[in-house]
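Turn these sequences into a full structure, and let the hints steer you where they fit.
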Amino acid sequence: MTDIRNYTMNFGPVHPAAHGVLRLILEMDGEVIERADPHIGLLHRATEKLAESKPYNQSIGYMDRLDYVSMMCNEHAYVLAIEKLLGITPPKRAQYIRVLFSEVTRILNHLLWLGAHGLDIGAMTMFLYCFRDREPLMDAYEAVSGARMHATYFRPGGVYRDLPEEMPQYQSSKWRSKESADELNKGREGSLLDFLWHFSETFPEHVDDYETLLTENRIWKQRTVGIGVVSPERAFQLGFTGPMLRGSGVAWDLRKTQPYEVYDELDFDIPIGKNGDCYDRYLVRVEEMRQSNKIIRQCIEWLKKNPGPVMVKDFKVAPPSREQMKEEMEALIHHFKLFTEGYCVPEGEVYAAVEHPKGEFGIYLVSDGANKPYRVKIRAPGFAHLAAMDEIIRGHMLADVVAVIGTMDIVFGEIDR
Amino acid sequence: MTTNEVEAWLSTLKQSFGDLIANAQLSVNEVTLEVEESNLLVVARKLRDDDDLHFEQLIDLCGVDYLYYGQSDWETESASGNGFSRAVESQPTDPETIWGKPRFAVVYHLLSITNNKRLRIRCFVPEKTMMIPSVVSVWSGANWYEREAFDLFGIRFSEHDDLRRLLTDYGFSGHPFRKDFPLIGKVEIRYDATEKQCVYEPVSIEPRTLVPRVIRHDARYHHDEEDSVS
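Top to bottom, those sequences are chains A and B.
Positions 1093 to 1509 (the working numbering) are the ones given, in order, by the first sequence.
Positions 1201 to 1430 (the working numbering) are the ones given, in order, by the second sequence.
In short, the hints are calculated from the structure, not lab data.
Beta carbons are placed, not taken as given, at the ideal position from N, Cα and C, and that holds for glycine.
Check each hint, because a few of them may be wrong.
Covered by chain B, according to a simulated footprint, are these stretches of chain A (three or more residues, beta-carbon under 8 Å) [unchecked claim]:
(1) 1139-1151
(2) 1267-1276
(3) 1428-1434
(4) 1467-1473
Away from chain B, derived, C-beta distances all over 10 Å, residues of chain A [as the list claims (entries may be wrong)]:
(5) Gly1112
(6) Leu1211
(7) His1290
(8) Val1317
(9) Asn1367
(10) Lys1396
(11) Asn1398
(12) Met1421
(13) Asp1460
(14) Glu1483
(15) Ala1491
Below 27 Å or equal to it, Euclidean Cα-Cα: the simulated DSS-like pairs (lysine-lysine) are [to be verified]:
(16) A/Lys1408 to A/Lys1146
(17) B/Lys1301 to A/Lys1141
(18) B/Lys1301 to A/Lys1366
(19) A/Lys1386 to A/Lys1348
(20) B/Lys1379 to B/Lys1301
(21) A/Lys1429 to A/Lys1146
(22) B/Lys1317 to A/Lys1348
(23) B/Lys1246 to A/Lys1146
(24) B/Lys1379 to B/Lys1328
(25) B/Lys1328 to B/Lys1386
(26) A/Lys1386 to A/Lys1397
(27) A/Lys1348 to A/Lys1366
(28) A/Lys1141 to B/Lys1396
(29) A/Lys1146 to B/Lys1379
(30) A/Lys1146 to B/Lys1301
(31) A/Lys1408 to A/Lys1141
(32) A/Lys1397 to A/Lys1278
(33) A/Lys1396 to A/Lys1184
(34) B/Lys1214 to A/Lys1141
(35) A/Lys1348 to A/Lys1396
(36) A/Lys1141 to A/Lys1429
(37) B/Lys1301 to B/Lys1328
(38) A/Lys1386 to A/Lys1396
(39) A/Lys1278 to A/Lys1266
(40) B/Lys1301 to B/Lys1246
Below is the structure:
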């Protein structure tokens, strides 16, 4: 008889399906996992410690780099925490812009998740299709903030600037004919809102296409149905949030249950799963994309009708306009003070959370009255999910590890922080 | 919840816990309970299992180091032309004069999905033992959070069966999120081509402060705070 023995396998840290720098030590019995020990921290940048040594506003850029596929949602929690301590409320228009971009970000995140998850378990085409739809949303990011990813667009007291009135257009050149430039410029004739409206009209059909490819696909179902099942009780115990919790049939979404900004004025539904397996979480996320699209359309309609300020008028928190700064002494002083010293936040502690595409993303902020935070703790949803890896994966096959990593929507920027 | 509701809830919490909690505070409409480390597990179980409370989720757990709490690099009232340079090198001062409580605390954020409520618990860590009870038996999700707090602050959790480092490098020494640990770290790593391996050396860069920590007490700021609150 052959001698069968357990062995230990090293998965990652550089593995295409590890979604970053995950190192998994797998103890296997043949092809069955007996124990999984994730080693994290390979992307640890001590964001929280860095934030302690900088004025409040200078850390917004670090927040983008936490979960680097849903940038503005990270910023959102951070600025909400500061605003709560300062006791300021951004103007209504800024709140709508924030919600608009939070939902754009949710679609961006879920598209990357769908593409990468599909790619991991054999659906190559998904990746290409999803990235096609990500492109216009990236352009929206760029139009509004100047950066495709790390936007630093949300600021305490509002958003950095109002939405642009026109979109940049493709030019015809030696390498691009006029016809193809015109094709690419479809929807770009008007403002950013028109551009996003154009996107939102075609996007549901694209989601239908994804579903045609995957939802009833035999291979897809074989790889996801019944894999990584989490009961609601265990999901509570393990601190699951977001689609990981809703996939197990718990109707919990901070946008509905603890509404922030203007979510209580908008009409949308919260999809929940039934069985708590990878397939249900896939269905939940796909439906969330449709709901996000619905929210985006409502926001665009409101924003088109209601112009107004997008930042509070308090110069202690928000800088004066460039024109004012050049003309008025007071404004110049405010501008200088704000960009050198920053602003002091009253002593206290606060926890602010948003419904991030991956779950509950929270910022715990302790201020001792200085111009820098005393302690920032980032509550990353992926951290709690990955911590449950061992429990979920036990007894599954090696190939299911990839499906479970995919379904957790792991991004190392936020887990390692 | 409105401020009145939170205050009412706070007083019911105080009543139902009695001596089990050392202190209960309200900060920006959020309730914080301070618990002695000997009562922590009893309070945690009650919070999870009591029908009126039902905090089934531990959302977050983190360590806090209060060493330099309330200290600024720069005294604003007396600052003069040479004031700014004083902040370039941070001056360690006596921490006990300002804070007056134990240096380390562990902060728990709880969420009740049934009752849609949040609660914060703070438990100070005795400095002699640096040890508090682990809540893994109450909320399994605490496992990695406690490993992280151990790694970054050196807080030990009794009865945690797997208290290894989590975020820092293999073989790392020290607890980097303590306030007296320098931001630039203590060692740097590089690949040595002659030795054909990675070598660790003491850091070659100097610590610096670009923006001094200031705590403003002048009337202008207080006036503005009142304005923005109203």
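Legend entry - List of violated hint numbers, smallest to largest: Hint check: 2, 13, 14, 18, 23, 28 and 34 fail, others pass.
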